[in-house]
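Engineer: Sequence:
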Amino acid sequence: MYKQQLTKEQAHQKAKHYCAYQERCHSEVKEKLYGFGLRKVDVEELLSKLIEEDYLNEERFAVQFTGGRFRMKQWGRVKIKYELKQKQVSEYVIKKAMKTIDEKDYWSTAQKLYDQKLQQLKGETNMFVRKKKLSDYLLQKGYEHNIINELLN
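So in the numbering used here, the last spot in the sequence shown is 341, and the numbers never skip.
Hints should not be assumed to be uniformly reliable.
Label-pair ranges, simulated between beta-carbon atoms [as the list claims (entries may be wrong)]:
no. : residue 1 : residue 2 : range
1   : D324      : E233      : 45 to 51 Å
2   : R227      : K204      : 15 to 21 Å
3   : Q262      : Y222      : 29 to 35 Å
4   : K310      : E247      : 40 to 46 Å
5   : D324      : E247      : 55 to 61 Å
6   : K273      : N334      : 20 to 26 Å
7   : N341      : K228      : 18 to 24 Å
In short, the hints are calculated from the structure, not lab data. Positions of the beta carbon are idealized from the N, C-alpha and C atoms, including for glycine.
Work the whole structure out from these sequences, hints included.
Structural biologist: This is the structure we're talking about:
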């Protein structure tokens, strides 16, 4: 595919719009800037400019990402943490973002998912198969083993 070649100023304007539309992590913006055909020096300079102008804030991104994935997709901490690592968010910021998830909400969401899946598995007569399917489902959603074990017992 043909890459568009933009000047540094044009790329800066486009990056500002890109960041203003939705919270972005550094790696997404960096990828976008390289897509504009900029060199490494220019990309680094524009990234620091965007951070200074507060268009780009990794902590704000992580908190919003964590909250959104938990509330909307009902993901557990394990899956959210993995996704943030994929986006090259620092460990310190990930820990800070994880603290924003309310413990009571987290447990009630896990309980709700457990109950919903249990309803779907009503036809399953074998108790061990049912437990295995429930466990796999909650693991896939990103919940921790200790929470799953507590719900199963």
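Engineer: For each hint, tell me whether it holds in the structure or not.
Structural biologist: Cross-check of the supplied hints:
1. D324 <-> E233: 45 to 51 Å: Check passed, 47 Å falls within 45 to 51 Å.
2. R227 <-> K204: 15 to 21 Å: Holds, since R227 and K204 (Cβ atoms, about 19 Å apart) stay within the stated range.
3. Q262 <-> Y222: 29 to 35 Å: At roughly 34 Å between Cβ atoms, Y222 and Q262 fall inside 29 to 35 Å, so the hint holds.
4. K310 <-> E247: 40 to 46 Å: Given about 44 Å between the Cβ atoms, the range holds.
5. D324 <-> E247: 55 to 61 Å: violated (33 Å)
6. K273 <-> N334: 20 to 26 Å: holds (21 Å)
7. N341 <-> K228: 18 to 24 Å: violated (54 Å)
The structure fails to meet hints 5 and 7 from the earlier list, while all remaining hints are met.
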